[in-house]
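**Student:** Now for the letters of each chain:
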Amino acid sequence: MPPTGSPMMLMVVTKQGTALMSNSTVDLAKLRCPDCGTTYLDFRRTGRLGCPYDYVVFRSGLLPLLDRVQRAKQHRGKRPRILRETIEDHGEIRGLRLRLKQAVEAEDYIQASQIRDLIRSKERQNGS
Amino acid sequence: MDLNDLATRNGEWLRGDGSEADIVISSRVRLARNLADFPFCSRGGELEKREIETQLRRTITEINAEKPLVFFDVGHLTSLDRQFLVERQLISREHASAEGSRSVAIAPEEDISLMVNEEDHLRLQVLHSGYSIRQCWETINKLDDAIEEKVSYAFSEEFGYLTACPTNVGTGMRASVMLHLPALAMTKQIDRVFRALQKIQLAVRGLYGEGSQASGDFYQISNNITLGKTEEEIISNIEVVVPTIVNYERTARRGLIKENKQTLHDRVSRAYGTLRSAQTISSEETMQLLSSVRMGVNLNLIEDVGIDLINDLFIHSQPAHLQKLEGKELEGEDRNVARASYLRRRLAEGRTNGEKRANIDPSAQ
Chain A
1 MPPTGSPMML
11 MVVTKQGTAL
21 MSNSTVDLAK
31 LRCPDCGTTY
41 LDFRRTGRLG
51 CPYDYVVFRS
61 GLLPLLDRVQ
71 RAKQHRGKRP
81 RILRETIEDH
91 GEIRGLRLRL
101 KQAVEAEDYI
111 QASQIRDLIR
121 SKERQNGS
Chain B
1001 MDLNDLATRN
1011 GEWLRGDGSE
1021 ADIVISSRVR
1031 LARNLADFPF
1041 CSRGGELEKR
1051 EIETQLRRTI
1061 TEINAEKPLV
1071 FFDVGHLTSL
1081 DRQFLVERQL
1091 ISREHASAEG
1101 SRSVAIAPEE
1111 DISLMVNEED
1121 HLRLQVLHSG
1131 YSIRQCWETI
1141 NKLDDAIEEK
1151 VSYAFSEEFG
1161 YLTACPTNVG
1171 TGMRASVMLH
1181 LPALAMTKQI
1191 DRVFRALQKI
1201 QLAVRGLYGE
1211 GSQASGDFYQ
1221 ISNNITLGKT
1231 EEEIISNIEV
1241 VVPTIVNYER
1251 TARRGLIKEN
1261 KQTLHDRVSR
1271 AYGTLRSAQT
1281 ISSEETMQLL
1291 SSVRMGVNLN
1301 LIEDVGIDLI
1311 NDLFIHSQPA
1321 HLQKLEGKEL
1331 EGEDRNVARA
1341 SYLRRRLAEG
1351 RTNGEKRANI
1361 DPSAQ
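Each protein sequence line maps, in turn, to chains A and B.
This note's numbering numbers the first residue of the first sequence as 1 and each following residue consecutively.
This note's numbering numbers the first residue of the second sequence as 1001 and each following residue consecutively.
Isolated chain A, as found in the complex (with noise of 0.2 angstroms):
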């Protein structure tokens, strides 16, 4: 469970798709989704999300807005019984769907195909 208590910290990607964590007032008119390109303002404006990764990148600005309509900012439900990855997940199998969105966008379905099998080994791994 993530700390409830602790200053807002908010998940920055960089174009290799590590991650930094930054303390911060963060300015969320100036967001943006490294993955799918959605701002903070667009999601303001239409009220949808662009991406499931939108949650972190979004998430001090989407906190007080549970909040206010779920009255509740943890999950409480069912889980996945087999997790392979969740979103708060970073690092190399993040890095792969960067490859693969952008092999998929250039149309290079070999090398997309590629990626994927490589993708499924690694959640295979963190499954198992």
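Since the hints were made in silico from the structure, they are not lab data.
Hints are not guaranteed to be accurate.
To be verified - Straight-line alpha carbon distances no greater than 30 angstroms define the calculated DSBU-like cross-link-like pairs of lysine-lysine that follow:
| hint | chain 1 | residue 1 | chain 2 | residue 2 |
| --- | --- | --- | --- | --- |
| 1 | A | K73 | A | K30 |
| 2 | A | K73 | B | K1199 |
| 3 | A | K122 | B | K1142 |
| 4 | B | K1188 | B | K1199 |
| 5 | B | K1067 | B | K1142 |
| 6 | B | K1150 | B | K1067 |
| 7 | B | K1142 | A | K73 |
| 8 | B | K1261 | B | K1188 |
| 9 | B | K1150 | A | K122 |
| 10 | A | K30 | A | K101 |
| 11 | A | K122 | A | K101 |
| 12 | B | K1188 | B | K1258 |
| 13 | A | K101 | B | K1150 |
| 14 | B | K1150 | A | K73 |
Fit chain B to the known structure of chain A by using the hints.
**Tutor:** Chain B in isolation, oriented as in the chain A frame:
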């Protein structure tokens, strides 16, 4: 399974049996799930949507190998067919009007439908006739487990199952029951019930979900909150409330019979009379009149027609169903004329059958 065959049946949600079926029409649980590796649908390109579809279709086919579901490519259906699936509660209005690659997998009994590329990558739905919210949860939970073994869902330890809209995050679960509450509506007590429900974080919606009218006195009651409670707690909350509302409705019906039987009998009989003789009638008026007749049948004020037929007519008189049954597209006034004619014919047949049943039933002699 063919959509035209479905049109002649009345589907799971209006089958009219199950516990407390005179008031609790149906119970439903929906789960919103997303694949970890893709952007949410509003942000996804066509290529990504197709890949999501391929992956989920393969998974759904594998896990239901013994009892196959039938896939419909919603993007390629006519608008009439999409509307038809909405009327049957098999897809949402949002799914019908969305764009790009999307599909739905439906069980032949229509109790399971899995929407792919709706607002979320996967929306699972289990729907049963009558009051059976717990069975719905048990079925959908197993289905979700089976899918989860084969795909990576977007999940966070902190926020649970991640969804495109934060109002669904956490359990991703919407549990609802559809209630027929004509007496509470007639006696104007319904607003008080709604206010009480809102206080305990339950939402009230019309027949077709968010923003829809409570036509035919059908009301959907569902959980507002998806985060911070377990699925069990969400189901229990509904289970506490539904029997209370059912009791209120029964009390209101008894009160009407006791104090205003003449007025009530007159009202349901006039409704029945209009349905049997109208030459043109809108969908909305049909729903209102059927609602009165349905209560009249349940209270034995109308005895020559069965509740099954009335349940049937609720769905068959809807615009897309009517056009499917008539075998052609009908606009505006033509549709209202066709609806009136359809209702007259079915109700006349229903009365004949009702009389035949009465003749062979020894207790009726």
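**Student:** Does the structure keep A/K101 and B/K1150 at a Cα separation of 30 angstroms or less?
**Tutor:** Since the Cα atoms of A/K101 and B/K1150 sit roughly 21 angstroms apart, the hinted pair holds (cutoff 30 angstroms).
**Student:** Please verify whether B/K1067 and B/K1142 have alpha carbons no more than 30 angstroms apart.
**Tutor:** Given that 30 angstroms is the threshold and the Cα spacing comes to 15 angstroms, the pair holds.
**Student:** Please work out if B/K1188 and B/K1199 have their alpha carbons no farther apart than 30 angstroms.
**Tutor:** Holds, because 19 angstroms separates the two Cα atoms, which is no more than 30 angstroms.
**Student:** Given the hint that B/K1261 pairs with B/K1188, does the C-alpha gap stay at or below 30 angstroms?
**Tutor:** Cα-Cα ~17 angstroms, so holds.
**Student:** Run the distance test for B/K1142 versus A/K73: straight-line Cα separation, threshold 30 angstroms.
**Tutor:** holds, 26 angstroms
**Student:** Does the alpha-carbon distance linking A/K30 and A/K101 stay inside the 30 angstroms limit?
**Tutor:** holds, 24 angstroms
**Student:** Hint check: B/K1150 vs B/K1067, CA-CA at most 30 angstroms. Holds or violated?
**Tutor:** holds, 18 angstroms
**Student:** B/K1150 and A/K73: Cα distance at most 30 angstroms?
**Tutor:** Since the Cα atoms of B/K1150 and A/K73 sit roughly 29 angstroms apart, the hinted pair holds (cutoff 30 angstroms).
**Student:** Check whether the Cα positions of A/K122 and A/K101 lie no farther apart than 30 angstroms.
**Tutor:** holds, 17 angstroms
**Student:** Please verify whether B/K1150 and A/K122 have alpha carbons no more than 30 angstroms apart.
**Tutor:** Satisfied, since the Cα-Cα distance of roughly 15 angstroms is no more than 30 angstroms.
**Student:** A/K122 and B/K1142 were given as a pair; does the straight-line alpha-carbon distance stay at or below 30 angstroms?
**Tutor:** Holds, because 26 angstroms separates the two Cα atoms, which is no more than 30 angstroms.
**Student:** Hey, B/K1188 versus B/K1258, does the alpha-carbon distance stay inside 30 angstroms?
**Tutor:** OK: B/K1188 and B/K1258 at ~17 angstroms, within 30 angstroms.
In terms of the numbered hints stated before, the structure departs from none.
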